[in-house]
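Residue numbers (this note's numbering), protein chains in the order written: chain A, 71 to 397; chain B, 71 to 397.
It should be emphasised that the hints constitute simulated quantities derived from the structure, not laboratory data.
Certain hints may be false.
In this list, chains with the same sequence are indistinguishable; a pair is considered to hold if it fits within one copy or across any two.
What the hints assert, rightly or not - With a straight-line cut-off of 25 Å between C-alpha atoms, the simulated PhoX-like cross-links for lysine-lysine are:
(1) K75 to K148
(2) K368 to K328
(3) K262 to K176
(4) K332 to K176
(5) K384 to K74
(6) K371 to K386
(7) K389 to K132
(8) K386 to K75
(9) K74 to K132
(10) K121 to K368
(11) K127 to K350
(12) K261 to K285
(13) K132 to K340
(14) K148 to K207
(15) K207 to K262
(16) K148 to K74
(17) K127 to K176
(18) K371 to K384
(19) K368 to K389
(20) K83 to K285
(21) K384 to K127
(22) K371 to K123
(23) K247 to K82
(24) K140 to K177
(25) K83 to K148
Given next are the chains, with one letter for each unit.
Protein chains: 2
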Amino acid sequence: MSSKKHENNQKKKVALIGCGLIGQSWAISFLSAGFHISLFDPVEGVMAQAKEKIKAKLGDLKNYGVLENKNISDYLDKVHLAQDLSHAVRGSIHVQESGPEDLEIKKELTIKIDAATADNIPIASSTSGIPASLYAKDVKGQNRCLVAHPINPPHLIPAVEIVPAPFTSEAVTKAVKNIIISIDKEPLELKKEIPGFVVNRLQGALLSEAFNLVKEGVSSAEDIDKAISEGLGLRWSFMGPFQTIHLNAPEGIAGYVKRYEKMYGEMFNKLDIEWSSVVKLGLEEELLNLYQLSELEKHEKERDNKLTELILHKIKSSKSKKKVKLS
Amino acid sequence: MSSKKHENNQKKKVALIGCGLIGQSWAISFLSAGFHISLFDPVEGVMAQAKEKIKAKLGDLKNYGVLENKNISDYLDKVHLAQDLSHAVRGSIHVQESGPEDLEIKKELTIKIDAATADNIPIASSTSGIPASLYAKDVKGQNRCLVAHPINPPHLIPAVEIVPAPFTSEAVTKAVKNIIISIDKEPLELKKEIPGFVVNRLQGALLSEAFNLVKEGVSSAEDIDKAISEGLGLRWSFMGPFQTIHLNAPEGIAGYVKRYEKMYGEMFNKLDIEWSSVVKLGLEEELLNLYQLSELEKHEKERDNKLTELILHKIKSSKSKKKVKLS
Chain A
71 MSSKKHENNQ KKKVALIGCG LIGQSWAISF LSAGFHISLF DPVEGVMAQA KEKIKAKLGD
131 LKNYGVLENK NISDYLDKVH LAQDLSHAVR GSIHVQESGP EDLEIKKELT IKIDAATADN
191 IPIASSTSGI PASLYAKDVK GQNRCLVAHP INPPHLIPAV EIVPAPFTSE AVTKAVKNII
251 ISIDKEPLEL KKEIPGFVVN RLQGALLSEA FNLVKEGVSS AEDIDKAISE GLGLRWSFMG
311 PFQTIHLNAP EGIAGYVKRY EKMYGEMFNK LDIEWSSVVK LGLEEELLNL YQLSELEKHE
371 KERDNKLTEL ILHKIKSSKS KKKVKLS
Chain B
71 MSSKKHENNQ KKKVALIGCG LIGQSWAISF LSAGFHISLF DPVEGVMAQA KEKIKAKLGD
131 LKNYGVLENK NISDYLDKVH LAQDLSHAVR GSIHVQESGP EDLEIKKELT IKIDAATADN
191 IPIASSTSGI PASLYAKDVK GQNRCLVAHP INPPHLIPAV EIVPAPFTSE AVTKAVKNII
251 ISIDKEPLEL KKEIPGFVVN RLQGALLSEA FNLVKEGVSS AEDIDKAISE GLGLRWSFMG
311 PFQTIHLNAP EGIAGYVKRY EKMYGEMFNK LDIEWSSVVK LGLEEELLNL YQLSELEKHE
371 KERDNKLTEL ILHKIKSSKS KKKVKLS
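Make a model of the complete structure from these sequences and hints.
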């Protein structure tokens with residue numbers, strides 16, 4: 071986490087509306103990147119509790135040596151508990167709403183935030199699945215509304231989905247991507263709105279099959295978890311599913327699909343879409359641009375090195391586990 | 071990798087039939103755990119080539135300091151290239167077949183292996199999706215046939231799916247699990263045969279959705295990959311999907327499903343099965359036994375610590391990436 075990169079953030083403020091787990095995590099991300107933050111939550115006592123949790127989690131990060139400043143108080147001095155919504159958004163260059171996952175509540179809340187916030191300031195929602203087209207369609211300033219969906223726990227996971235509605239202005243989308251980058255996160259901009267976005271659709275598809283395997287009596291939940299945590303998840307911690315299969319056949323993804331589409335088709339009775347047709351429609355081209363066939367051997371070796379390092383890391387980490395204590 | 075644990079393996083031999091990528095990886099796993107191995111592949115030149123690849127990959131492991139013996143030659147001395155199938159299986163306590171992923175070929179090959187191999191010696195197949203009930207139903211010694219499916223690259227990934235057919239003897243299943251444990255791997259025994267087993271069904275479900283998202287123009291393949299490698303995959307490298315969602319709600323999995331089943335249902339039009347009914351049918355009970363609600367906060371903290379350590383590891387690892395070279 072580069073401190074030079076954060077220089078520009080030191081005098082900026084963001085407003086965090088909603089102080090549950092997600093809001094608290096955003097607070098840590100913005101604080102550790104140098105920002106001032108204003109918190110607001112309408113439920114009594116939540117803000118004070120949130121500040122305590124933020125303090126505790128900052129302490130954990132400090133113990134790992136990943137904070138720039140020496141003292142937790144340097145960060146806490148930048149936390150402002152706002153008495154109402156309009157105080158929270160005043161002077162903020164970005165508003166991040168992390169309210170309840172309910173369409174009607176989110177509609178109403180966004181209208182209120184829009185009314186209270188200065189023009190052109192982006193209003194992003196942490197919603198994990200509701201598109202802005204749905205919750206912001208009746209908002210006057212809808213062109214500054216979009217989704218910035220983090221992954222739990224957001225202060226640690228880099229990926230943030232950026233999902234603009236058709237009515238979101240490009241300038242707002244760009245500004246939000248930039249602020250996400252400035253807090254050391256990785257914005258993933260969707261090209262089209264879709265319920266559940268990308269992250270929860272991928273997670274949902276995997277979960278559906280996991281529930282199905284338990285229901286069918288094929289495996290215990292514990293073994294399904296291990297199939298991921300001692301299996302597929304090791305590669306996936308540094309390499310996505312497409313890159314993984316692209317490296318699993320000498321001819322790249324086209325070869326993999328040629329070899330295995332039938333097997334996958336048979337296990338699910340029938341695949342909803344033809345993988346091979348998607349491969350031809352640009353997918354192979356994109357992957358070959360990213361990872362050329364002539365370099366597959368090199369990428370494979372890098373994968374194996376990363377896996378070896380990860381496994382050594384896991385062994386080391388589990389040996390030092392006893393040091394972990396609840397604060 | 072404990073050397074004491076491997077003492078019992080030093081005089082034992084296993085036969086590896088089929089010397090492609092998977093056979094080579096098995097070779098490394100068995101060799102590094104102390105075993106002698108006999109390789110056999112009917113295609114000319116493949117065995118010699120395999121021995122070279124095994125040597126190179128052992129060298130990589132040596133560079134990471136994960137091998138017990140000082141010299142690669144200590145391992146290569148234990149590699150026997152067999153002139154035919156019967157020489158390969160002679161004296162072996164376990165036969166691992168890693169032939170082509172084709173039902174007819176596997177049927178024929180298993181009949182040949184069965185005929186050549188001494189009674190009671192387990193014959194395991196590395197097939198990634200064909201149940202033993204299909205490929206071994208006409209095999210005389212079918213009771214010693216079962217699937218032991220590793221995950222690519224098998225010399226690095228711990229999980230191995232153990233899938234006995236209804237006709238597989240319990241003693242054989244137990245013996246194969248023990249040999250998998252003796253090479254420091256994690257056997258996951260399925261309770262029931264199902265095409266694709268667990269690993270590839272989970273991977274297939276995720277891939278299907280990934281292909282769908284590309285087809286629908288929602289995201290680039292690169293961003294889908296990052297949604298995993300900079301997102302979901304970080305948690306999954308040490309925590310499976312069930313444990314993940316169990317920790318994502320104060321009431322555990324029941325609370326998570328109550329909160330999100332509707333959202334997942336809407337994004338996929340309709341879920342094929344009711345998650346909430348599976349939760350009630352033993353899933354919640356199993357997870358609560360593994361991770362009690364009173365300890366969720368502790369587990370959450372452990373998750374965050376592991377994530378922090380993983381992220382620090384990834385940063386360190388990517389900084390030292392320049393040292394990686396092709397041998």
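For K207 and K262, with the copy left unspecified, which applies at a CA distance of at most 25 Å: within, between, both, or neither? within (16 Å within a copy, 49 Å between copies)
Up to 25 Å CA-CA - K75 versus K386, copy category: Close across copies (19 Å), not inside one copy (31 Å); limit 25 Å.
At most 25 Å between CA atoms: does that hold for K132 and K340 within a copy, between copies, both, or neither? neither (51 Å within a copy, 44 Å between copies)
When no copy is named, should K148 and K74 be tagged within, between, both, or neither for a Cα gap of at most 25 Å? within (19 Å within a copy, 55 Å between copies)
Within, between, both or neither: K83, K148 at alpha-carbon 25 Å: Only inside one copy: K83 and K148 sit 9 Å apart there, 65 Å across copies, limit 25 Å.
Should K261 paired with K285 be assigned to within, between, both, or neither, using CA atoms and 25 Å as the limit? Close across copies (12 Å), not inside one copy (35 Å); limit 25 Å.
25 Å Cα threshold - placement of K389 relative to K368: between (32 Å within a copy, 18 Å between copies)
Checking an output row: K371 and K386, CA cutoff 25 Å. Within, between, both or neither? So K371 and K386 pass the 25 Å test inside a copy (22 Å) and across (18 Å) alike.
When no copy is specified for K83 and K285, does a C-alpha distance of 25 Å or less occur within a copy, between copies, both, or neither? Intra 49 Å, inter 40 Å, cutoff 25 Å: neither.
Treating 25 Å as the Cα threshold, decide for K74 and K132: within, between, both or neither. Within one copy, since 19 Å is at most 25 Å while 39 Å is not.
Treating 25 Å as the Cα threshold, decide for K247 and K82: within, between, both or neither. This pair counts as within: shortest intra-copy Cα distance 16 Å, inter-copy 58 Å.
Alpha-carbon proximity context of K121 and K368, limit 25 Å: between (47 Å within a copy, 19 Å between copies)
Going down the numbered hints, you'll see the structure goes against 11, 13, 14, 17, 20, 24, while the others check out.
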